[in-house]
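Visitor: Take 1 as the starting number for the sequence shown in my numbering and just add one per residue.
Any given hint could turn out to be false.
[Unchecked claim] Derived CB-CB ranges, DEER-like: (1) 60 / 86: 34 to 44 Å; (2) 109 / 83: 32 to 42 Å; (3) 106 / 43: 33 to 43 Å; (4) 88 / 111: 38 to 48 Å; (5) 61 / 27: 11 to 21 Å; (6) 43 / 108: 34 to 44 Å; (7) 107 / 45: 37 to 47 Å.
Hints were generated in silico from the structure; no laboratory data involved.
Even for Gly, the Cβ is constructed at its ideal location relative to N, Cα and C.
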Amino acid sequence: MLREGGPQSLSYKHNMAPDVVFFHPADVSDGEQHKAAFGIAVSKFETVDICVNNAGILKESNWEKLMAINVGAVIRGSLLALEHMRCDRGGRGGVIINVASIVGLTVTPVSPTYCASKHAVIGFTTSWAVVDAVMKLIQDPDNNGAILAVTLKKGARYRRRQVVDRDGVNDLVIVDTY
1 MLREGGPQSL
11 SYKHNMAPDV
21 VFFHPADVSD
31 GEQHKAAFGI
41 AVSKFETVDI
51 CVNNAGILKE
61 SNWEKLMAIN
71 VGAVIRGSLL
81 ALEHMRCDRG
91 GRGGVIINVA
101 SIVGLTVTPV
111 SPTYCASKHA
121 VIGFTTSWAV
131 VDAVMKLIQD
141 PDNNGAILAV
151 TLKKGARYRR
161 RQVVDRDGVN
171 DLVIVDTY
């Protein structure tokens, strides 16, 4: 869901039919509001085909709220989406995209709680790939990060892309580790 009135929401409203996108405010750190938002979406569209868990805050001074939104809402959103997507429960399958941050692939002393939250998103999402093989890493070579999504393809691998200064003299190089 997008924030209604924001520039992206105005663009979507202008370019999309009302039966494709709608706006419903919810505090995703509140489990009841989060679940209700899914219920409203299902009542409007009859199914959940795609779920993008993209809410996040960077507020080290309120680490409990940061973790509730950045980690808890991603986990809850993924599980709620999966409930509606599961073919063995009447769903049609679908895609779950959990948005992390490049900070989830590195460390930063400036915002350690935010960094931990993004590592948690990557750990949660890639763990599904190991256990059930329902998530895989979609690599974005044009961006020094990655998007994690649901798929039925087995054998997903985790890729960590980092910029390395090998000798302090030559150009930086990009190294992928699996």
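Visitor: Work down the list of hints and note, for each, if the structure agrees.
Guide: Quick rundown of the hints versus the structure:
no., hint, verdict
1, 60 / 86: 34 to 44 Å, "holds, 37 Å"
2, 109 / 83: 32 to 42 Å, "holds, 38 Å"
3, 106 / 43: 33 to 43 Å, "holds, 41 Å"
4, 88 / 111: 38 to 48 Å, "holds, 41 Å"
5, 61 / 27: 11 to 21 Å, "holds, 18 Å"
6, 43 / 108: 34 to 44 Å, "holds, 41 Å"
7, 107 / 45: 37 to 47 Å, "holds, 40 Å"
Hint check: no violations occur; every hint is consistent with the structure.
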